[in-house]
Structure formats: C-alpha cells, structure tokens
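Number of protein chains: 2
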Amino acid sequence: MNLKDEIGERATVVNEELKEILAFKGLKIYDAMRYLILAGGKRLRPVIAMLSCESVGGKKENAIPFAVALELVHNFTLLHDDIMDRDGFRRGMKTTHVVFGEPRTIIAGDALFALAYEEILKLKIKPEKLKILLKDFSVMVREIAEGQDMDIDFEKRTDVSEEEYLEMVGKKTARIIKTAAMGGAIIGNGSTEQVEKLAEYGRLVGIGFQIWDDVLGLVGDPKRTGKPVGNDIRRGKKTLIVVHGLSHADEEDRKTLLNIVGKDDVSDEEVENAVEIVGKTNSIDYAKNMALGLVEKAKENLNVLPGSDSRQVLSMIAEYCVGRDK
Amino acid sequence: MNLKDEIGERATVVNEELKEILAFKGLKIYDAMRYLILAGGKRLRPVIAMLSCESVGGKKENAIPFAVALELVHNFTLLHDDIMDRDGFRRGMKTTHVVFGEPRTIIAGDALFALAYEEILKLKIKPEKLKILLKDFSVMVREIAEGQDMDIDFEKRTDVSEEEYLEMVGKKTARIIKTAAMGGAIIGNGSTEQVEKLAEYGRLVGIGFQIWDDVLGLVGDPKRTGKPVGNDIRRGKKTLIVVHGLSHADEEDRKTLLNIVGKDDVSDEEVENAVEIVGKTNSIDYAKNMALGLVEKAKENLNVLPGSDSRQVLSMIAEYCVGRDK
Numbered sequence: 003m004n005l006k007d008e009i010g011e012r013a014t015v016v017n018e019e020l021k022e023i024l025a026f027k028g029l030k031i032y033d034a035m036r037y038l039i040l041a042g043g044k045r046l047r048p049v050i051a052m053l054s055c056e057s058v059g060g061k062k063e064n065a066i067p068f069a070v071a072l073e074l075v076h077n078f079t080l081l082h083d084d085i086m087d088r089d090g091f092r093r094g095m096k097t098t099h100v101v102f103g104e105p106r107t108i109i110a111g112d113a114l115f116a117l118a119y120e121e122i123l124k125l126k127i128k129p130e131k132l133k134i135l136l137k138d139f140s141v142m143v144r145e146i147a148e149g150q151d152m153d154i155d156f157e158k159r160t161d162v163s164e165e166e167y168l169e170m171v172g173k174k175t176a177r178i179i180k181t182a183a184m185g186g187a188i189i190g191n192g193s194t195e196q197v198e199k200l201a202e203y204g205r206l207v208g209i210g211f212q213i214w215d216d217v218l219g220l221v222g223d224p225k226r227t228g229k230p231v232g233n234d235i236r237r238g239k240k241t242l243i244v245v246h247g248l249s250h251a252d253e254e255d256r257k258t259l260l261n262i263v264g265k266d267d268v269s270d271e272e273v274e275n276a277v278e279i280v281g282k283t284n285s286i287d288y289a290k291n292m293a294l295g296l297v298e299k300a301k302e303n304l305n306v307l308p309g310s311d312s313r314q315v316l317s318m319i320a321e322y323c324v325g326r327d328k
Numbered sequence: 003m004n005l006k007d008e009i010g011e012r013a014t015v016v017n018e019e020l021k022e023i024l025a026f027k028g029l030k031i032y033d034a035m036r037y038l039i040l041a042g043g044k045r046l047r048p049v050i051a052m053l054s055c056e057s058v059g060g061k062k063e064n065a066i067p068f069a070v071a072l073e074l075v076h077n078f079t080l081l082h083d084d085i086m087d088r089d090g091f092r093r094g095m096k097t098t099h100v101v102f103g104e105p106r107t108i109i110a111g112d113a114l115f116a117l118a119y120e121e122i123l124k125l126k127i128k129p130e131k132l133k134i135l136l137k138d139f140s141v142m143v144r145e146i147a148e149g150q151d152m153d154i155d156f157e158k159r160t161d162v163s164e165e166e167y168l169e170m171v172g173k174k175t176a177r178i179i180k181t182a183a184m185g186g187a188i189i190g191n192g193s194t195e196q197v198e199k200l201a202e203y204g205r206l207v208g209i210g211f212q213i214w215d216d217v218l219g220l221v222g223d224p225k226r227t228g229k230p231v232g233n234d235i236r237r238g239k240k241t242l243i244v245v246h247g248l249s250h251a252d253e254e255d256r257k258t259l260l261n262i263v264g265k266d267d268v269s270d271e272e273v274e275n276a277v278e279i280v281g282k283t284n285s286i287d288y289a290k291n292m293a294l295g296l297v298e299k300a301k302e303n304l305n306v307l308p309g310s311d312s313r314q315v316l317s318m319i320a321e322y323c324v325g326r327d328k
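Keeping their order, the protein sequence lines are chains A and S. Note that my numbering numbers the first sequence so that position 131 is 133, with each residue one more than the last. Note that my numbering numbers the second sequence so that position 273 is 275, with each residue one more than the last.
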C-alpha cells in the first residue's frame with residue numbers, strides 16, 4: 003500500500019468539489035477565496051474524515067461534503083491567521099492578504115466559513131446526526147478561535163507552561179483533526195465507542211502534528227517547508243520547544259532566549275543562537291519524542307476498528323504527521 | 003401602541019440570552035466578543051424576526067435562538083467591517099479593534115459567527131425547516147461578504163450605477179433583514195405566501211434602512227448618530243447620494259465631488275463642499291424619497307397577514323427605518 007496514492011486518490015475527489023463550488027465569477031472576493039485553497043495542500047483533514055468513515059464501514063463518497071467543509075474552514079482560519087501573524091509567505095507563496103489586501107481577505111475568510119456550512123447541509127444523513135455534526139463543527143470553530151487567542155496571548159507571556167501550550171494546540175490545531183476523524187465515523191454509522199476512539203485518535207494526531215510543525219519550523223529545510231527558518235521565533239511564538247527550553251535553560255540562556263523570542267526584529271544570528279540554546283536543553287529532542295509518543299497513543303485507539311485498508315492508512319497518516327519534512 | 007415599548011420588550015429577551023451565552027470567563031477573546039454587542043444597539047433584526055414569527059401566528063419565544071443568532075452575525079460583520087474601513091468609532095464608542103487590537107477582533111468576529119450556529123441549533127422546529135433556515139443563513143453570510151466586497155470595490159470606481167449600488171446594499175445591509183423577516187415566518191409556521199411576502203418586506207425595509215443611513219451620515223446630527231459628519235465621504239463610500247450626485251452634477255462639480263470622495267484626507271470644508279454639490283443635484287432629496295418609496299412598498303407586503311399588533315409593529319418599524327435620526 004502506498005500512502006501517497008491512498009491520500010492522493012481521496013484528495014482528488016475533494017479538489018474536484020472545491021473547484022466546482024468556488025467557480026464563482028465576477029466578484030473579486032472569489033479570487034481571494036480561491037487563491038490559497040486551490041493552490042494545493044495535503045488535504046489531510048478531508049482525507050482523515052473520509053478514511054474514518056470508511057474504517058467503520060461507511061462509504062467515503064458519503065463523507066465528501068463534510069470533508070470539503072473541513073478544508074474550507076481550515077483555509078478560512080489560515081487566511082485570518084496569516085493576517086494576524088503578519089505572515090508574508092505560506093506554502094512558498096505570497097499570503098492572500100499580501101496579494102488581495104487585508105479587507106478583502108478578512109471577508110474572503112468569512113465567506114469560506116459560510117460556504118462550509120452550505121457543504122455540510124448537502125450531507126445525506128439522518129437529521130439527528132446532522133445536528134450533532136453541525137453542533138460539533140460550530141463549537142470547533144469557536145474553539146479554534148480560542149486557541150488562536152491563547153496563541154496571541156502567549157506571545158507576550160514569559161511563563162507559559164507545557165500544560166497551557168498543550169491546551170492551546172489542542173484547540174488551535176488538533177480540534178479540527180479530532181472533528182474530522184469523529185465526524186467521518188458518525189457519517190459512516192460507527193458505534194459510539196468507535197466514534198469516541200476515532201475522536202481521540204484525531205486529537206492526539208493533531209497535537210503530534212503541531213509539535214512536529216514546531217520542530218520543522220526550527221530545524222526543517224525552508225525549501226521543503228515553504229517557510230523561513232525560525233519563523234516561529236521571529237513571530238514570538240511559544241512553541242513546545244521554546245516553552246521547554248525556557249524552563250530548562252540556565253539563568254543566562256533563559257534571559258537570552260526570552261530576549262530573542264520577544265524581539266520585533268530577529269536576525270539570522272539570533273535564530274541560530276536560539277537553536278543552540280534549545281539544543282543544550284535537549285528541547286528539540288524532547289518535542290520530537292513527545293510527538294512520537296502521542297502518535298503511538300493515537301494509533302492504539304484504532305484497535306477498536308476491524309482490520310481494513312482504511313484503518314491501515316489512518317495508522318500510516320499518524321506516523322507521517324511526525325515524520326514528514328514539510 | 004408605543005413602538006419603543008414594543009421593540010424594547012422583545013429586545014430585553016434577546017439581551018438576556020446574549021448576556022448568558024457570552025458570559026464566558028478567562029480568555030480575552032470573550033471580552034472582545036462582548037464589548038460591542040453588550041453595549042447596546044436597537045436589536046432591530048432580532049425584533050423583526052420575533053414579530054414576523056408572531057405575525058403568522060407563532061409564539062415569539064420560539065424564535066429567540068434565531069433572533070439571537072441574527073444579532074450575533076450582525077455584530078460579527080460590524081467587527082470585521084470596522085477593521086476593513088479603519089473606523090475608530092461606532093455608536094459613540096471606540097471600535098473593538100481599537101480597544102482589543104486587530105488580531106483579537108478578527109477571531110472574536112469568527113467566534114461570534116460560530117456561536118450564531120450554536121444558537122440556531124437550539125431551535126425546536128422540524129428538521130426540514132431547520133435545514134432551510136441553516137441554508138438560508140449560510141448563504142446570507144456569504145452574500146453579506148459579497149456586498150462588503152462590492153462596497154470596497156466601489157471605493158476605487160467612478161462609474162458605479164444606481165443598479166449596482168442597490169445590488170450591493172441588497173446584500174450588505176438588506177440581506178440579513180430579509181432573513182430575519184423570512185426566518186421568523188418559517189419558525190412561526192407561516193404559509194409559503196406569507197414567508198415570501200415577509201422576505202420581500204425585509205428586503206425592501208433593509209434597502210430603505212441603508213439609504214436612510216446614507217442620508218444621516220451626510221446631514222444627520224453626529225451627537226445622535228454617533229458617527230462624524232461626512233464619515234462615508236471621508237471613507238470614499240459610493241452612497242446613493244454620491245452615485246446620484248455624480249451622474250447629475252455638471253462637469254466641474256462632478257470633478258470636484260470625485261476628487262473629494264477619492265481623497266485620503268478629507269477636510270471639514272471639503273465635506274461641506276460635497277454636501278453643497280449633492281444639494282444642487284437634489285441627491286439628498288432623491289435618496290430620501292427612494293427610501294420612503296421602498297418602505298411604502300415594503301408595507302404593502304404585510305397585507306398578506308391577518309390584522310394583529312405584531313403586523314402593526316412591523317409596519318411602524320418600516321416607517322421608523324426611514325424617519326429615525328440615529
């Protein structure tokens with residue numbers, strides 16, 4: 003079984019639907035809505051939703067509108083996130099607000115969000131299940147916003163704990179992957195236990211995914227990641243590596259690291275210095291190991307499923323999330 | 003019958019629910035979410051939804067979650083709108099992004115939007131009706147964004163037609179009032195004809211409301227409106243008055259007006275000059291008369307309803323929208 007093919011096959015269906023529903027003409031807002039989402043992306047969230055549906059015995063086709071809705075919301079949050087973080091590049095491209103301006107990008111995000119609900123309403127499932135999905139989906143978006151809020155808040159704080167970091171990441175990044183896995187299982191008519199275990203699978207994979215992202219941001223190849231090295235440090239982000247580094251460095255290193263992470267204009271030399279400090283505290287290895295451990299736990303949750311290709315792909319995706327180089 | 007009391011009585015119920023669902027603690031995002039919405043406002047959209055429900059024989063209590071959802075979305079669009087227009091004041095208060103910063107205000111808007119769906123899902127109505135409401139609600143938000151997009155676009159254009167202005171306003175302002183009136187009638191189990199006529203009532207009132215807003219922005223008392231005189235002109239907005247003025251002024255006045263509306267920094271003297279030009283073309287009277295005419299048409303749609311207090315209040319609200327001084 004080839005992971006790339008398994009993902010690609012499902013992503014293609016999602017891409018087709020995305021192209022169709024975003025093919026509006028005339029108004030400029032739709033150019034801004036299409037720009038990032040149709041430029042590519044792994045479609046990890048939609049694919050997990052479809053696989054989750056299949057893994058409990060459902061048909062992947064039935065999950066498509068839900069899968070598409072997840073990708074729409076994911077991109078809507080990226081548009082707003084990039085404005086908030088003043089990021090100029092994503093996936094090696096200029097960000098949407100750089101190309102289309104902030105006003106248009108704000109409302110393009112809003113419209114993608116609205117469109118996500120239009121998609122979910124296309125699902126052919128029982129009304130009570132639709133209500134459960136819609137409720138979870140709405141709470142999800144609110145919690146993503148809460149996670150983003152914590153992320154902003156942490157930038158100014160020097161005492162962020164690992165627990166707080168994990169709560170933030172659980173909302174900002176993992177919540178949508180949890181919803182993807184859980185929603186897919188609901189659509190596929192999974193048992194209550196299967197739905198719960200798949201939700202937990204998604205949550206753990208999501209946290210592992212974000213921690214791995216933190217690692218890549220610091221020691222990844224910018225040609226692969228599409229982001230400049232040390233981007234998080236330049237933006238003052240309290241990643242797990244920084245949080246761990248700050249609580250394990252000696253007094254002098256801690257001061258230096260805090261100073262670099264809190265600065266407005268960070269030089270390449272300072273980024274190198276920060277990497278050196280978190281190297282001394284083994285914080286990069288610590289983060290890597292935590293991500294790997296989370297994914298192991300995530301995979302255990304798949305034991306509730308009968309043996310199948312989709313289950314195997316879900317397991318491979320979990321491993322991919324903490325092994326990828328981009 | 004006292005209009006203020008009729009509105010106030012219904013607004014109070016909405017305010018209570020808003021206070022309850024926004025009483026989250028801890029995260030700063032909730033302070034930004036509460037700031038504008040709990041500071042007051044006419045609650046016109048929720049009240050119209052409740053009245054519409056009553057006017058077809060439904061109980062207003064049944065419409066409360068829907069009414070609250072409308073107010074949440076209204077405020078979410080105001081938060082994003084004020085960032086986009088760089089407005090510093092609304093209702094005589096500093097705008098949310100001035101107090102809480104743009105990043106937090108962007109996600110506070112997103113979270114209010116998500117919360118609106120959580121509210122709608124509290125409705126106790128038949129699943130097929132819930133789906134119709136949710137679909138319309140989602141399309142509404144997308145169309146509001148389209149209207150905002152046109153509004154931004156028009157700022158740079160010199161040839162906006164009256165037809166284009168009306169399409170923009172139909173989306174940006176009137177669409178939510180249409181949904182309020184229509185949704186209330188659906189919740190109240192109105193007939194298909196009643197639902198359609200109330201939708202049209204809402205649409206026409208909404209356009210009249212916006213045109214009246216354009217008038218107030220130019221010749222209203224800033225102490226009453228809470229906005230500086232000539233705010234729209236300073237922001238380069240193509241209001242109906244400006245659109246009409248540009249197409250009816252002589253060549254010299256047209257050039258002067260275009261120059262003022264297109265400028266970055268407009269002086270008080272220039273605002274006065276613009277008012278003088280659109281006075282010469284009778285554009286202010288033209289706008290006032292159009293607003294009054296729309297409201298007359300709006301009221302005709304109420305003939306489909308049996309005689310009742312709620313019908314009378316809907317009629318009075320329509321008149322209020324084009325007679326108010328704030």
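Among these hints, one or two may not hold up.
Unchecked claim - Pulled from the structure, derived: some chain A residues nowhere near chain S, Cβ distances all over 12 Å:
id: 1; residue: Gly28
id: 2; residue: Arg93
id: 3; residue: Glu198
id: 4; residue: Glu272
id: 5; residue: Glu278
id: 6; residue: Asp327
Unchecked claim - DSS-like cross-link-like pairs, simulated, lysine-lysine; straight-line CA separation at most 27 Å:
id: 7; chain 1: S; residue 1: Lys137; chain 2: A; residue 2: Lys126
id: 8; chain 1: A; residue 1: Lys61; chain 2: S; residue 2: Lys133
id: 9; chain 1: A; residue 1: Lys137; chain 2: S; residue 2: Lys27
id: 10; chain 1: S; residue 1: Lys133; chain 2: A; residue 2: Lys128
id: 11; chain 1: A; residue 1: Lys133; chain 2: S; residue 2: Lys158
id: 12; chain 1: A; residue 1: Lys61; chain 2: S; residue 2: Lys137
id: 13; chain 1: S; residue 1: Lys124; chain 2: A; residue 2: Lys133
id: 14; chain 1: A; residue 1: Lys30; chain 2: S; residue 2: Lys158
id: 15; chain 1: A; residue 1: Lys21; chain 2: S; residue 2: Lys229
id: 16; chain 1: A; residue 1: Lys128; chain 2: S; residue 2: Lys21
id: 17; chain 1: S; residue 1: Lys126; chain 2: A; residue 2: Lys131
id: 18; chain 1: S; residue 1: Lys124; chain 2: A; residue 2: Lys126
id: 19; chain 1: A; residue 1: Lys126; chain 2: S; residue 2: Lys27
id: 20; chain 1: S; residue 1: Lys131; chain 2: A; residue 2: Lys126
id: 21; chain 1: A; residue 1: Lys133; chain 2: S; residue 2: Lys61
id: 22; chain 1: A; residue 1: Lys137; chain 2: S; residue 2: Lys61
id: 23; chain 1: A; residue 1: Lys133; chain 2: S; residue 2: Lys133
id: 24; chain 1: S; residue 1: Lys128; chain 2: A; residue 2: Lys128
id: 25; chain 1: A; residue 1: Lys239; chain 2: S; residue 2: Lys27
id: 26; chain 1: S; residue 1: Lys133; chain 2: A; residue 2: Lys131
id: 27; chain 1: A; residue 1: Lys131; chain 2: S; residue 2: Lys27
id: 28; chain 1: A; residue 1: Lys27; chain 2: S; residue 2: Lys137
If you're looking for bench data, these hints aren't it; they were derived computationally from the structure. Note that CB positions come from ideal geometry on N, CA and C, so glycine has one too.
Going down the list of hints, with the structure as the test:
no., hint, in the structure
1, Gly28, "violated, 9 Å"
2, Arg93, "holds, 21 Å"
3, Glu198, "holds, 21 Å"
4, Glu272, "holds, 24 Å"
5, Glu278, "holds, 30 Å"
6, Asp327, "holds, 30 Å"
7, Lys137(S) - Lys126(A), "holds, 14 Å"
8, Lys61(A) - Lys133(S), "holds, 23 Å"
9, Lys137(A) - Lys27(S), "holds, 21 Å"
10, Lys133(S) - Lys128(A), "holds, 12 Å"
11, Lys133(A) - Lys158(S), "violated, 43 Å"
12, Lys61(A) - Lys137(S), "holds, 25 Å"
13, Lys124(S) - Lys133(A), "holds, 10 Å"
14, Lys30(A) - Lys158(S), "holds, 13 Å"
15, Lys21(A) - Lys229(S), "violated, 42 Å"
16, Lys128(A) - Lys21(S), "violated, 33 Å"
17, Lys126(S) - Lys131(A), "holds, 16 Å"
18, Lys124(S) - Lys126(A), "holds, 21 Å"
19, Lys126(A) - Lys27(S), "violated, 38 Å"
20, Lys131(S) - Lys126(A), "holds, 16 Å"
21, Lys133(A) - Lys61(S), "holds, 23 Å"
22, Lys137(A) - Lys61(S), "holds, 25 Å"
23, Lys133(A) - Lys133(S), "holds, 10 Å"
24, Lys128(S) - Lys128(A), "holds, 13 Å"
25, Lys239(A) - Lys27(S), "holds, 24 Å"
26, Lys133(S) - Lys131(A), "holds, 13 Å"
27, Lys131(A) - Lys27(S), "violated, 30 Å"
28, Lys27(A) - Lys137(S), "holds, 21 Å"
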